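Asks: Here's the letter readout for the chains.
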Amino acid sequence: MNLIIGLILATIISFLNFVIVDTYFGLPEEPGVVGADNVGHSIKKRGGDLAGGFFQGNILCSPDASAGTLIAAIGVYALGLEGGLIAAFLVFIGNRLCADPGYAGTTGALTMTVIVILCSYIGLTPEMFIVGIVIAIFLVQGVHHPTSTKALGKIAKLFGRYTKLE
Amino acid sequence: MIIEANGIPFLLNYLIAIIVSIVVALVLGLPLLPDKPKRFSWVNSAIYPTPIIALGLLAILFALKIVWIYNGLVLAIVIGILSALFVKYLFYYVFPNPPGVNEGDKNSLEEDNA
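As given, the protein sequences belong to chains A and B, one line each in that order. Quick note: the first sequence uses the working numbering, first residue 1, plus one each step. Quick note: the second sequence uses the working numbering, first residue 167, plus one each step.
If you are wondering where the hints come from, they were derived from the structure by calculation, not from laboratory data. Source: prediction; values computed, not measured. Some clues are possibly wrong.
[Claimed, not checked] Derived CB-CB ranges, DEER-like:
{"hint": "1", "chain 1": "A", "residue 1": "L60", "chain 2": "B", "residue 2": "V240", "range": "41 to 49 Å"}
{"hint": "2", "chain 1": "A", "residue 1": "L60", "chain 2": "B", "residue 2": "K231", "range": "46 to 54 Å"}
{"hint": "3", "chain 1": "B", "residue 1": "V244", "chain 2": "A", "residue 2": "I4", "range": "24 to 32 Å"}
{"hint": "4", "chain 1": "A", "residue 1": "I5", "chain 2": "B", "residue 2": "Y259", "range": "27 to 35 Å"}
{"hint": "5", "chain 1": "B", "residue 1": "L239", "chain 2": "A", "residue 2": "I8", "range": "36 to 44 Å"}
{"hint": "6", "chain 1": "B", "residue 1": "D201", "chain 2": "A", "residue 2": "I12", "range": "33 to 41 Å"}
{"hint": "7", "chain 1": "A", "residue 1": "V134", "chain 2": "B", "residue 2": "F261", "range": "22 to 30 Å"}
[What the hints assert, rightly or not] Using 30 Å as the maximum straight-line C-alpha spacing, the simulated DSS-like pairs for lysine-lysine come out as follows:
{"hint": "8", "chain 1": "A", "residue 1": "K164", "chain 2": "B", "residue 2": "K204"}
{"hint": "9", "chain 1": "A", "residue 1": "K154", "chain 2": "A", "residue 2": "K45"}
{"hint": "10", "chain 1": "B", "residue 1": "K202", "chain 2": "A", "residue 2": "K154"}
Where is the CB? At the ideal position from N, CA and C, for every residue including glycine.
Isolated chain A, as found in the complex (with noise of 0.2 Å):
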């Protein structure tokens, strides 16, 4: 496949992956730790929304499905099947460790090994996947904080796990 419609395609996949598990296991509901409260009341006061700011917050605070997500496609590249499987392992252990019960960074982890596996067969590698996730995760947590966390915000709402909190 072309590398750059490999890339465009990878990033898309890989930007669904790991905000609709992350969305679905309650992120932008609560934030799990001190860091990310601070982090979503901080976003919110520079004009962002509050649920988007914890979704934030709770990724940068412990490996959610978008760390499971990167780390998944590059045990899938180094391992194949295995490193997938090992990945998600690594997840939970270090969510574990971060005081996060560690759904939404395994299913992530797990979700993309299969994903991964299963696109290899028309074309899509692993290398395009790692790239990928890592544009995806650009794209949310290092351009523009208000604009990205609004749009987390939308997608919460969409999907009944918006923020009780103030």
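Based on these hints, arrange chain B on the given structure of chain A.
Replies: What follows is chain B alone, placed relative to chain A:
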């Protein structure tokens, strides 16, 4: 491609490890599902995190080319049993307590898991 030619028996091994770990966890008295709301629950159950630990340990051994007898089948069963035992008895010696639970409350947490 990524799953090698001998991949199908290995997939079966993973499936067997998942089933054995869940069944042994249930026999040891762990609940099948976490408390509600499930996405915020800290209770260890048969569905989560027992199979994750079984899959991870088995994958590490397979990645190291340790297969043992019967093409990895016996290893899958042993790892499934060990994972369930770990989650039931050793989990909180290795991992920190959930936030808000003190060292003295550990017994009550283990009773919750029972």
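Asks: Against this structure, judge whether each hint is valid.
Replies: Status of the hints after comparison with the structure:
Against the hinted window of 41 to 49 Å, the Cβ-Cβ separation of L60 of chain A and V240 of chain B comes to about 43 Å, which satisfies the hint. For L60 of chain A and K231 of chain B, the hinted distance range of 46 to 54 Å is not satisfied, since their beta carbons lie about 37 Å from each other. Between V244 of chain B and I4 of chain A the beta carbons are some 47 Å apart, a value that contradicts the proposed interval 24 to 32 Å. Checked against the hint of 27 to 35 Å, the pair I5 of chain A and Y259 of chain B fails, with Cβ atoms roughly 50 Å apart.
Taken as a hint, the range 36 to 44 Å holds for the pair L239 of chain B and I8 of chain A, whose Cβ atoms sit roughly 42 Å apart. At about 35 Å, the beta-carbon gap between D201 of chain B and I12 of chain A stays in the expected band of 33 to 41 Å. The given range of 22 to 30 Å is respected by V134 of chain A and F261 of chain B, whose C-beta atoms sit roughly 29 Å from each other. Distance check on the hinted pair: K164 of chain A and K204 of chain B sit about 18 Å apart at the alpha-carbon level, within 30 Å; holds.
Of the pairs offered as hints, the one joining K154 of chain A and K45 of chain A holds, with about 18 Å between alpha carbons and a cut-off of 30 Å not exceeded. Taking the CA atoms of K202 of chain B and K154 of chain A, the gap is near 25 Å; set against the 30 Å cutoff, the hint holds.
The structure fails to meet hints 2, 3, 4 from the earlier list, while all remaining hints are met.
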